[in-house]
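**Q** Listed here are the chains, written in short residue letters.
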Amino acid sequence: MGPISTRLLALESRRGWATVMVFAVLALVVVPVLNLAVPPGSAFHLPTFWVATLGKYLAFAILALSLDLIWGYAGILSLGHGAFFGLGGYAMGMYMMRQIGERGVYGNPELPDFMVFLNWDTLPWYWFGFDQFWFAALMVLAVPGLLAFVFGWFAFRSRITGVYFSIISQAMVFAFMLAFFRNEMGFGGNNGLTDFKDILGFDLSRDTTKVGLYIATAASLLLVYFVCRAVVTSKMGRLLIAVRDAESRVRFLGYSVTNAKLFVFTLSAMLAGLAGALYVPQVGIINPGEFAPAKSIEIAIWVAVGGRGTLFGAILGAFAVNGARTYFTGAAPEIWLFFLGALFILVTLAMPRGIVGVYQSIRSGQFKDAIGRRLQRVDA
Amino acid sequence: MASSRTRGALRPDCRAVLVGLGLLMTALLLALAPAHAQSLDDTFAAAVQALDARKFSGKAEAVEALGALDDDRAISVLEAFADGRLYRRKADKLVFIGTRDDKTYILTNPVDGTEIGTVASRAVKRIVANNKLRGQIRGVLGQLALFSADPDTRRAAAENVIASPSDDSLPLLKRARDRETDAGVRATLETGIAMLELASDDRDLRLAAVAALADRSDPAIKSALEQRLLANDEGGFVEPDAEIRATVQAAVEDIEDRLALFGLAENLIFGLSLGSVLLLAAIGLAITFGVMGVINMAYGEMIMLGAYTTFLVQEIFRSSLPPEVFGWYVAAAIPAAFLVAAGFGVLIERGCIRFLYGRPLETLLATWGVSLILQQLVRSLFGANNREVANPDWISGAVSLGGGVSITLNRVYIIIFSLVVVVALAAFIRHSRFGLQMRAVTQNRGMASAMGIRTGRVDALTFALGSGIAGVAGVALSQISNVSPNLGQNFIVDSFMVVVFGGVGSLWGTIVGAFSLGIVNKFLEPVSGAILGKVVVLVIIILFIQKRPRGLFALKGRAAEA
Numbered sequence: 000m001g002p003i004s005t006r007l008l009a010l011e012s013r014r015g016w017a018t019v020m021v022f023a024v025l026a027l028v029v030v031p032v033l034n035l036a037v038p039p040g041s042a043f044h045l046p047t048f049w050v051a052t053l054g055k056y057l058a059f060a061i062l063a064l065s066l067d068l069i070w071g072y073a074g075i076l077s078l079g080h081g082a083f084f085g086l087g088g089y090a091m092g093m094y095m096m097r098q099i100g101e102r103g104v105y106g107n108p109e110l111p112d113f114m115v116f117l118n119w120d121t122l123p124w125y126w127f128g129f130d131q132f133w134f135a136a137l138m139v140l141a142v143p144g145l146l147a148f149v150f151g152w153f154a155f156r157s158r159i160t161g162v163y164f165s166i167i168s169q170a171m172v173f174a175f176m177l178a179f180f181r182n183e184m185g186f187g188g189n190n191g192l193t194d195f196k197d198i199l200g201f202d203l204s205r206d207t208t209k210v211g212l213y214i215a216t217a218a219s220l221l222l223v224y225f226v227c228r229a230v231v232t233s234k235m236g237r238l239l240i241a242v243r244d245a246e247s248r249v250r251f252l253g254y255s256v257t258n259a260k261l262f263v264f265t266l267s268a269m270l271a272g273l274a275g276a277l278y279v280p281q282v283g284i285i286n287p288g289e290f291a292p293a294k295s296i297e298i299a300i301w302v303a304v305g306g307r308g309t310l311f312g313a314i315l316g317a318f319a320v321n322g323a324r325t326y327f328t329g330a331a332p333e334i335w336l337f338f339l340g341a342l343f344i345l346v347t348l349a350m351p352r353g354i355v356g357v358y359q360s361i362r363s364g365q366f367k368d369a370i371g372r373r374l375q376r377v378d379a
Numbered sequence: 000m001a002s003s004r005t006r007g008a009l010r011p012d013c014r015a016v017l018v019g020l021g022l023l024m025t026a027l028l029l030a031l032a033p034a035h036a037q038s039l040d041d042t043f044a045a046a047v048q049a050l051d052a053r054k055f056s057g058k059a060e061a062v063e064a065l066g067a068l069d070d071d072r073a074i075s076v077l078e079a080f081a082d083g084r085l086y087r088r089k090a091d092k093l094v095f096i097g098t099r100d101d102k103t104y105i106l107t108n109p110v111d112g113t114e115i116g117t118v119a120s121r122a123v124k125r126i127v128a129n130n131k132l133r134g135q136i137r138g139v140l141g142q143l144a145l146f147s148a149d150p151d152t153r154r155a156a157a158e159n160v161i162a163s164p165s166d167d168s169l170p171l172l173k174r175a176r177d178r179e180t181d182a183g184v185r186a187t188l189e190t191g192i193a194m195l196e197l198a199s200d201d202r203d204l205r206l207a208a209v210a211a212l213a214d215r216s217d218p219a220i221k222s223a224l225e226q227r228l229l230a231n232d233e234g235g236f237v238e239p240d241a242e243i244r245a246t247v248q249a250a251v252e253d254i255e256d257r258l259a260l261f262g263l264a265e266n267l268i269f270g271l272s273l274g275s276v277l278l279l280a281a282i283g284l285a286i287t288f289g290v291m292g293v294i295n296m297a298y299g300e301m302i303m304l305g306a307y308t309t310f311l312v313q314e315i316f317r318s319s320l321p322p323e324v325f326g327w328y329v330a331a332a333i334p335a336a337f338l339v340a341a342g343f344g345v346l347i348e349r350g351c352i353r354f355l356y357g358r359p360l361e362t363l364l365a366t367w368g369v370s371l372i373l374q375q376l377v378r379s380l381f382g383a384n385n386r387e388v389a390n391p392d393w394i395s396g397a398v399s400l401g402g403g404v405s406i407t408l409n410r411v412y413i414i415i416f417s418l419v420v421v422v423a424l425a426a427f428i429r430h431s432r433f434g435l436q437m438r439a440v441t442q443n444r445g446m447a448s449a450m451g452i453r454t455g456r457v458d459a460l461t462f463a464l465g466s467g468i469a470g471v472a473g474v475a476l477s478q479i480s481n482v483s484p485n486l487g488q489n490f491i492v493d494s495f496m497v498v499v500f501g502g503v504g505s506l507w508g509t510i511v512g513a514f515s516l517g518i519v520n521k522f523l524e525p526v527s528g529a530i531l532g533k534v535v536v537l538v539i540i541i542l543f544i545q546k547r548p549r550g551l552f553a554l555k556g557r558a559a560e561a
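Taken in order, these protein sequences are the chains called D and G. Be aware that the first sequence starts at 0, since it is given in numbering that gives the first Met the number 0, and climbs by one per residue. Be aware that the second sequence starts at 0, since it is given in numbering that gives the first Met the number 0, and climbs by one per residue.
With the rest of the complex left out, here is chain D (with noise of 0.2 Å):
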């Protein structure tokens, strides 16, 4: 026990754990209790409507996270992501549309409406088992990871890296888009999955459940959240920053760069299939448009903003890009792209280490000695 818990203790600084803390009582206390304790009428009573919102943008920053933990600490760009994200997504999507039943539109209690829409009369073989919330639990972690062991097997071995990487990435995320649209996928095609009923026998459209599924996005996340930080502080982390930082030399030094990367890839690709799982039941819906390349791309920004290489800035940037989309759609959809164009932009340009690499600037008083070197240079 005695080095485990070490080693836990370990992962945050004493300021890190009182900060992990605070956020973890406000997500994980403070806002359930403001939205079922404080009655509907009060100034602090917090609508549902935003826990479902919130909710949202934590199985975001989870899958934030899991880009952060390959471009941020290994150099690995995915612009495939999305494609994690959305298996996971369907994986949890199979499995509530299998618990509708006989209450689909056309009464089947086996087949899910759209196939008895198709006339298949009987269920394809990779839609067994995910009747059994266990099965589907399983599958949302074992494809992504599958498929992304697959991939990047493939990749790392033949040492694509940088843009090569992204691009044959993107295109894989392209091509589960153009398959997932066709009908005779068995997924649903253009409409996916959606209509859900119910999940572990809780009634979807009741508060409680929604409430339910955001303290479980919100513990999911603080559980990601460590086993991100116990990657990054271990030995492996530190052999993957020096792969993002010479790659070369570290294989000249005797470590397989492959293994590495493909471990951190199948890792990260776990954590996106899941942040998939948790997304779908709280928007109600899964369909090819969550492989649409763009989305992947959108991921990289979010990180780009909080500061990749910090964990904890993938899940603020996550928030804050998310949260401006949401206040732009409302106000001015128009601005909306030129807004996330210009972000793309200028944090690239201006802001390489994102929110968390300006705070630390300024705090490190880098910020101060830069002015203050300034400033002596015009004295002298």
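What the hints contain is simulated information worked out from the structure, not anything from laboratory work. Do not take every clue at face value.
To be verified - A short, non-exhaustive set of chain D residues, derived as facing chain G with CB atoms under 8 Å: (1) 162; (2) 173; (3) 178; (4) 299; (5) 333; (6) 337; (7) 339.
Stated by the list, open to error - Simulated DEER-style distance windows between Cβ atoms: (8) G/425 / D/331: 44 to 50 Å; (9) G/543 / D/118: 36 to 42 Å; (10) G/134 / D/283: 54 to 60 Å.
Stated by the list, open to error - A few chain G residues that face chain D, going by a derived Cβ cut-off under 8 Å, partial list only: (11) 367; (12) 379; (13) 380; (14) 496; (15) 499; (16) 507; (17) 511; (18) 545.
Note that the Cβ used here is the ideal one computed from N, Cα and C, for glycine as well.
Chain D is fixed; fit chain G onto it per the hints.
**A** Just chain G now, with coordinates in the frame of chain D:
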């Protein structure tokens, strides 16, 4: 046989006038031509007037008589009759074609097609047709088209008859063939006759028909021949003669071989045209990627800007230049699109990319931002809907390659155009001073800089060149696809795949990559469907770069390590 009787009664006098005049001297013919036309008009007018018979049987005879005149004007009259647009003016009992306009009718003279004014609805009475009559009119219309003065109408009518053959169309086709002067239409008619004679009672006729059909390559003919090989209800075959069956079998196999060949050619041509589109879209990308190691995600938007420039040039031509020169707007759009896209390219390079050299992943993200802004800009300025860009006359149309294969001219032009662009680009890179500098920077940036080449300037100009070519690609794409703000997005993944497959910074690689991807795509389409074909191609590329991570034509030596 009402039709042959009336024909016998009316035809000779027209013919007699014609033949008689023909035998006289030409001058006399010219002098008398108006008079002759006058008599034709009178006959026609009388035939039209006869449609206003009291009984349906009388109307039916009049329809046949009108059809027998072989007069193109009869087509519009009969169509009007079938649609219920034929009216009798109560005042003088003359028959007119009427168009209803609220409570009045605009009357048209059926003989010379002139409008003769508007009358109140009470002043006219519709000449009614029943369903039986309408069916008859359709038949007569089909015949009339067969004898029309316009060869294209005749050809279309012949193909119509062949598509739905019936035994009583045989004499009609034969008569049409005997009169036919156009060799192409004649061949079509011969085919139709042979297809009908396949079922003839005369063994020799059947044999001749099979022989005539054996060298055609048309799926419809193949199925007509196969029909003869089927077993009939009495346990025998549709074709009773074993020898003929063998001939038919051989003919079917011949046709199948030829059809397969045509299918191959069709796929190849479609693949080439898709490949040339990809080539146009990817070649600028390959240059910028090769020289600068920079992924320009806004590249698709350069194509889109080129397409919108084409749209603007078209609108300028349409509004302020005479219509005769409208067809040449495409030629004017090419330099315009090049300049617009190149201008944006310089802006992007100077304003953004140049600060990010050595950080390729950040460049990728920043240019993606540029692409989002450009898309939204165009959407705000021009709207989200597709803009219509018209094909000029000299680009539209199709060439038939036989065997049911035809290729639209715009595809042919794109193949030619893309090759011209690539050859011009290759010559420019090989022979110009700037091209030399560009190649030097591609191979070894540091050394080139040490030799006094201003690499920053080369970068900016290369980026402008690549973007300009994307703009030119946009002109070409505007002719074959919709011009919308998302135009570029549709090509970006494909053009990246071409570059990755072909090898970065290699013109040859891009050419080979584009054409092989285009052709493979088109050959996979019939096997697996368009979308799955694309997925398969993507998987193939991912597997392919296992073997050659730097593409087909990889740069060798130090440049490869960049």
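**Q** All the hints need checking, so say for each whether the structure fits it.
**A** Status of each hint after checking the structure:
no.: 1; hint: 162; verdict: holds, 5 Å
no.: 2; hint: 173; verdict: holds, 5 Å
no.: 3; hint: 178; verdict: holds, 5 Å
no.: 4; hint: 299; verdict: holds, 6 Å
no.: 5; hint: 333; verdict: holds, 6 Å
no.: 6; hint: 337; verdict: holds, 5 Å
no.: 7; hint: 339; verdict: holds, 6 Å
no.: 8; hint: G/425 / D/331: 44 to 50 Å; verdict: holds, 47 Å
no.: 9; hint: G/543 / D/118: 36 to 42 Å; verdict: holds, 38 Å
no.: 10; hint: G/134 / D/283: 54 to 60 Å; verdict: holds, 57 Å
no.: 11; hint: 367; verdict: holds, 5 Å
no.: 12; hint: 379; verdict: holds, 6 Å
no.: 13; hint: 380; verdict: violated, 11 Å
no.: 14; hint: 496; verdict: holds, 6 Å
no.: 15; hint: 499; verdict: holds, 6 Å
no.: 16; hint: 507; verdict: violated, 19 Å
no.: 17; hint: 511; verdict: violated, 19 Å
no.: 18; hint: 545; verdict: holds, 5 Å
The structure is inconsistent with the numbered hints 13, 16, 17, although it conforms to all the rest.
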